[in-house]
Each structure stands twice: as C-alpha cells, then as structure tokens.
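Enquirer: Just so you know, the sequences run in chain order H and C. Counting from 1, position 1 in the first sequence corresponds to residue 1 in the working numbering; the numbering is continuous, with no gaps. Counting from 1, position 372 in the second sequence corresponds to residue 372 in the working numbering; the numbering is continuous, with no gaps.
For the record, the hints were derived by calculation from the structure and aren't laboratory data. All residues carry an ideal CB built from backbone N, CA and C; glycine is no exception. Don't take each hint at face value.
Quick list of the computed label-pair ranges, beta carbon to beta carbon [as the list claims (entries may be wrong)]:
id : chain 1 : residue 1 : chain 2 : residue 2 : range
1  : H       : Ile148    : C       : Phe32     : 42 to 48 Å
2  : C       : Ile370    : H       : Tyr113    : 55 to 61 Å
3  : C       : Cys147    : H       : Val104    : 48 to 54 Å
4  : H       : Ala115    : C       : Gly87     : 56 to 62 Å
5  : C       : Cys147    : H       : Ala50     : 38 to 44 Å
6  : C       : Ile88     : H       : His54     : 36 to 42 Å
7  : C       : Pro598    : H       : Lys162    : 50 to 56 Å
Derived EDC-like pairs (lysine to aspartate or glutamate); straight-line CA-CA distance at most 20 Å [said to hold, decoys possible]:
id : chain 1 : residue 1 : chain 2 : residue 2
8  : C       : Lys212    : H       : Glu10
9  : H       : Lys163    : H       : Glu173
10 : H       : Lys21     : H       : Glu10
11 : C       : Lys212    : H       : Glu173
12 : C       : Lys590    : C       : Asp548
13 : H       : Lys90     : H       : Glu112
Here is how the chains run, residue by residue.
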Amino acid sequence: MDMNIPYTVEHRPDTGLANGKLGIWLFLGSEVMLFGALFSTYIILRVGAAEWPHGELNIPLGAINTAILICSSVTMVLAWASLKMNDWAKHRIYLVTTVVLALVFLVNKYFEYSAHFASGEVPAHTTFLAIYFTMTGLHALHIIGGVIVMSYFLGPGAKLWKKNPEQFANRIEYTGLYWHFVDLVWIFLFPVLYLL
Amino acid sequence: MDQVTTHGAPAHGLEPAHEHAHELGFWRKYVFSVDHKVIGIQYAVTGLLFLLFGFSLMMLMRWQLAFPGRPIPLIGGWFGADKAPGGIMLPEFYNQLGAMHGTIMVFLGVVPLAVGGFGNFVMPLQIGAPDMAFPKLNMASYWVYFCGGVVMLASFLAPGGSAQSGWTSYAPLSIVNQGAQTWWLVGMIFLITSSLLGSINFITTIVQLRAKGLSYMRLPFFVWAQFVTSFLLLLAFPPLEAAGILQLMDRVAGTSFFMPSGLVVSNKIVTTMTGIAAPGIASGGGNPLMWQHLFWFLAHPEVYVLILPAMGIVAEIVANNTRKPLWGYKALVYSVVFLGFMSFIVWAHHMFMTGMGTTMSAFFQTTTMIISIPSVVILTALLMSLVGASIRFTTPMLFALAFLPMFGIGGLTGLPLGLAPSDIHLHDTYYVIGHFHYVVAPGTLFALFAGVYYWFPKATGRRMNDLLGALHFWTSFVAINLVFFPMFIEGLAGMNRRMYDGGAQYAHNKAVLHWNVVQGYAAWGLGLAQLFFIVNFFMSIKWGKAVDRNPWEATTLEWSAPSPPPHGNFLTEPIAYRAPYEYSVPGAAKDFTPQFEPERA
C-alpha cells in the first residue's frame, strides 16, 4: 500500500475536512485552555486583592497596537484570498504587510516594556504587573511564532506554490486561523489589562 | 489468514511503500523516523526504561522506610556526601526520590508507554491508516518528550539536587525550595508540549484516517479509549502549562503568583528565590491554593489518561481470549466518553483538606460520585464478558484478568476519598498511596504488560515465551499486592505519607510499622521479578517463536497487516466489513470473523 497519507489536501467526504484544518482547530482549542487558565488566574488574583492598580499602563500605545493587530488580521485574510484568486503578487504584498504590522506591534511592545523597566516596574513589583508581563509576554511569544511561520512561507516555504498551489493556500489559511486567534487574545487582553 | 487480505483494491494505485523504505539510512529509519511504528516502539522502550528507573528510586526509598537510618547496602556509596553520607540517605535526598518517583512514573513512564507507545503503534493499524496524520509532528513529539526526560534526569545533578516538593509541587514549598524545581518546571513544559503535539495528531488521525467501512461504532474499544485520552491531554494539559509558567515566574522573576504576602516561617518573612520579599498591599499577595486548582485541573484528567488506554488494552485482550464479542460495546463507548467529560469537573476532590469551603466540597463530592458510575459500567462490562466463555489463559490474558480485580480494589478504595468526611481522616495517609497505586500499578501497569505480550508478535513477528511470561505474572502479582495492600492497613491506622523515617517517630504507628519491612522485601522482590520480563523481551526479539500475521486469531484490522508491518502498514487497502469483535458467530466456520474479511455470498 502506498505511503501517501490521505486527506492532506483534499477533504475527507464524510467529515468535510482536510487533516491540517482539523489539526489547527484542535491546537487552537488547547490554546483557549492555556490562555483561559491565565485569565482565570487574573480573575482570582484581582478578586483576592484589596486594591488593584489603575492607569499604570500606556493606554494610547495599547490602543494603537490593538488597531495594528486588527489590520494585520485583515491583510492575513487578503493574503489567503489572493491565493484563492490566483494572484501571487498580491499574496506576497499582503503577507509581507502582515509580517511588518506584527513587527511594529512588537516594537511598540518593546517601548512599553522598557518604559516600565526604567521606572522599576518589574514583574516582581506587584501581582498586577506580574500577570501583565506574563500574559502579554506569552502573547508576544505567540506573535513571534506567527512571524517565524509567515517568514517561512515568504521564504523557503513558498516553493510549494509551484508544486501544489492548493496545499500552499491551505497552509496560508491555517496560518491565518492561528493569526486571528492571536489577534483575538489581544482583543481580550487590551480591555482586561489596560482599561478595566 | 493470509488469503483474506488479498481482497480489496490496491490503495490509490501509487508507488508501493517498500521502494521508499530502502532509500532511508540508519538514522532516518531507526532514530529520526517518521514511521508511527518506529516512533511507537521508541516511546514504548523509553517509557519502559523510565518505569524501571522510577521504580529503582522507590526501591531505594523502601530501604529507608524499612530500616530508617541504616546505610544502604552495596550501592550506598554511589550517591555522594550531599545525598547519602556514609550510605545513609539524607532527608533531602529522600524527598528528591519521592518527588521524582511520582513525576517519572506518571509523565515519563506510564503516559509515554500507554499513549505514545501503544497509541502510536496500535491505533493507526487498528483504524487501517498508513501512518499518523502528521508524521513529522509525531517525530517531533517523541523528541520533545525525550528532551523533557533528559532535563528531568539531569536535575539530579543540579546543585541542591532535583525537585523535592512532591510530584504535585505544591506552592509555596516548591517556590522557596532550593533544589532544582526550576529544572522540573522546564522539563514539564517540554513534556506538556510533547503531549499536546501527540494529542492533536491522535485525534486528527482517528477522525480523518479511518479505513473504508470503519464507522465510529465499529472502532475497536482501544481506539475509543485513545480518542478520549487525547482530548483529555489536549484540553487538560494547557492549564498546567500556564501554572508551570506562573511558577517559573515566581522562581525566576521573583513574582508571587502562588506566594502569599507576609508568609512567615521560623519568625522570618519568606522571600522568593530572587530575594525579593513577597509584595505588599499594592495589588494583593499571591494565592497558593490557585496552584492546587490549576495543578489538579490537569492531574485529575491525567488519572484517566493513565487508566483509559489500560482499559482499552484489556478490552482487546478480553474479547480475544474469551472468544466472545465484548459485553456491552455501546455501553463501554458511551461510558468512556462520559468519563472523559466528567473528569474535567472532579479535580477539587483532591483538595477537601485545603479549606476551600463546604459548598465547593459538596459540588466536587457529587461529581466524584457521578464519575464512579461510568467506571463501574466499564469494569462490569469487562467482567460480564468473561461469563460463559471458555477462556484462553494466554500470558496477555493473565495480566488482563488480574487488571480487573486490581482496578476494582483501586476504584472502590477511592470512594471514601471522594467524600469529604471520610477523606479528612484518610487524607495524606498511606491509604491514599495504596488507593492510587492499585489503580496505576497492578491496574494500569499490568494492562500495559498485557499489551506488550499481546502486540509483541505484531511488532517483531515473534511471540514472547509463555513460561517466562507466566513466571513474570505470578511473581509480580504476589509481590505487588504485598507492596500495596499493607498500605491500606497502615493508612487506616493513621500512618502519614511522605515520612522520612516511615512514620517511626509517632507512637501510634508502632502497631503497623513492621509492614514497612514486608513492603520493602516485596518491592525488591518485585524488582527481581521484572528480570523474567527483561530476559523474555530481549530473548524473544531474537529467538521467539516466529508467527504469521494473526497469531491470536483476532478480529481487528491490525492483524491483517504483515508482522512486522512494512512502511505504510498494509499490503492492500484495508476495509472494515463489520463490528470489531465478531467472535463465535453462530453458523460461521471458525470462531472468529475478522473485520477485514469480506462477506461471503
């Protein structure tokens, strides 16, 4: 029997899914549990605290970063949609834009972090800053992960387009699902940490 | 049985697999392999080695418990002055052994063997798949697990020794501890990542790669068990990963997620590792109870991760050796799914003693009583399968049969622990140790041994020796019960767990102290009994009786593949024509009608 694993590209008729699509959704399910545990921790710490600090974070910068991530989600969808419309050049532009937006987000985050460190607001300072740094730090790691994956598809991974365009488009779609999730986590993080 | 597999069209009509196989060099074929069978065997062998290592730690502890303060004979000099000066075990070393025994047995031994080993090797064969859905991810999950194992082993050499706060790593003890708790956390993050990758692969494979005709209700029970187990790993492990990250922050960055503010020990305010005192009122202190919640949110489903694959293995072997269909297949499937769901909402029954409040206790007592129902349904169905059967007492069947009463004892002794009033008396005594070891040692481990004996012919093309198998079984069975049954007696008498001197310092333990000596000899005897297995395992690889594809006359799809199966598993496309356990069908020519055998006109 041949070694080719079925349904890597085509959909299995009875489930209507390709393997990768199911795989990425399962992964996102586990990510929900990971961040869910951290949000629960936040709630327990906050409920147990007599006072909770307000106004320690840079709201304008956080708001700008929120807008940046939302835009990057849009360009990510467009990167996938242009593949579906067979427009390789546009796909490249949108994917590069997504990476650039992600990098701008990280640069902003760097300025935020260094301002805190400069004024002695390290994670050990308060439980608020501890949970702030842990959650946004883990989120930033997810952004970095996404940047690495997208850079791969801009670089060596792009060769697949010539060989198997459908599989390549699927991979961009799965990357997009992950990217929207990372975006969504930030949309929860911003109000919870900055505004509430 | 060979002729039946020639039915069915050659799959997809592409190039045959063995042409690929020859191109691979040694490293790609046996070390960095993407073949689920090789990875399964890697997992199984690594898991077995870790089981032996984790058990050896316990054999050392048993010396200290049986003969407190006496130098360890023969090997006492190996551990050095910082662990056992003059061969006498230090309390810190005892604590390291205890913490690492639990960690290694659960996360590096049983789970890798039960899920990584059997799941990887058997499940794709049973569903008629050529491999796992994501072979490279599969390889990655093994090597990430391997790295986790190396970190855990290396932690013994770290200054201050390995983690010492029990496998549960309760805060704040684990945070102020000077040992290599940080290494433990890093190791755990590796192991959790590995399980996560594995579980995504398992679920995708089961949903997507089932052979033609293999509907969900035709899946062998073992596949169902792995399916539910994978969901538990997928959804329960991430909260522990989060907890691990938070504890890592506490130890490395000086935060106090789990450190209450102003914790005073010996008239001194306790500080975190970085020397920063736990913060004041700015945003409140940390919450040690939160660690327990996050930990047990994983660790209770983890109990079912340990037991469900074992139940799956036993179900396969019971059906095969009773030559009857499993009694109540549907009830088994619904029970295992319900069990998986319920296992997410029982975790705080480990925490009745923490003062979390009676409302919480009442809720978790209720869910705990509810979860015992599907467990009993599964055990009952397996027992009922034996009724009226002419049982083949093969080596795997001996272990599988022993699983039933052993798991029964483990499960029933758990009921008093699931009810807060009786738990308050029994908590933190040897009774608890006896209870969960009956579930995982003579329970799960016996099932895993059964699985090794049962699928060894599929993996190697040879059978293991039955005489050595019987010797292994009977000696282990007697010894393991002598280790664990006295724990109930000790625990009911009030003997606490985790006592460096085995409880000798308390007068009320005097009447049961002699059991420690019995348990010591039984544990070392149990160690010796494993030599039968080790010798058998290696001898049979070389000299075992060569077998054909279906030596047990079994019905599930893995027995239609050659033994050992080639790269790509099946020579022709496997098709499932019927339910998994069609044994002794009235009117059939022989007493088994395999899933892969087409209907005859």
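Enquirer: Now tell me if each hint is right for this structure.
Expert: Verification of the supplied hints:
1. Roughly 22 Å separates the CB atoms of H:Ile148 and C:Phe32, a value that falls outside the hinted 42 to 48 Å.
2. Range check, C:Ile370 to H:Tyr113: Cβ separation about 47 Å, and the 55 to 61 Å hint is violated.
3. At about 34 Å, the beta-carbon gap between C:Cys147 and H:Val104 misses the expected band of 48 to 54 Å.
4. Distance hint for H:Ala115 and C:Gly87: a CB-CB separation of about 57 Å, consistent with the stated range 56 to 62 Å.
5. Roughly 43 Å separates the CB atoms of C:Cys147 and H:Ala50, a value that falls within the hinted 38 to 44 Å.
6. For C:Ile88 paired with H:His54, a C-beta distance near 57 Å fails the hint of 36 to 42 Å.
7. In this structure the hint that C:Pro598 and H:Lys162 lie 50 to 56 Å apart at CB is violated, the actual value being about 43 Å.
8. For the given pair, C:Lys212 sits about 16 Å from H:Glu10 by alpha-carbon distance, which is consistent with the 20 Å threshold.
9. Annotation: proposed proximity of H:Lys163 to H:Glu173 holds, straight-line Cα distance about 17 Å (limit 20 Å).
10. With a CA separation close to 11 Å, the supplied pair H:Lys21 and H:Glu10 stays within the 20 Å bound.
11. Restraint check: the Cα-Cα separation between C:Lys212 and H:Glu173 comes to about 28 Å, which exceeds 20 Å; the hinted pair is violated.
12. This hinted pair checks out: C:Lys590 and C:Asp548 have alpha carbons roughly 18 Å apart, not beyond 20 Å.
13. Using a Cα cut-off of 20 Å, the hinted pair H:Lys90 and H:Glu112 is violated, with the two alpha carbons roughly 33 Å apart.
Consistency note: the structure conflicts with the earlier hints numbered 1, 2, 3, 6, 7, 11 and 13.
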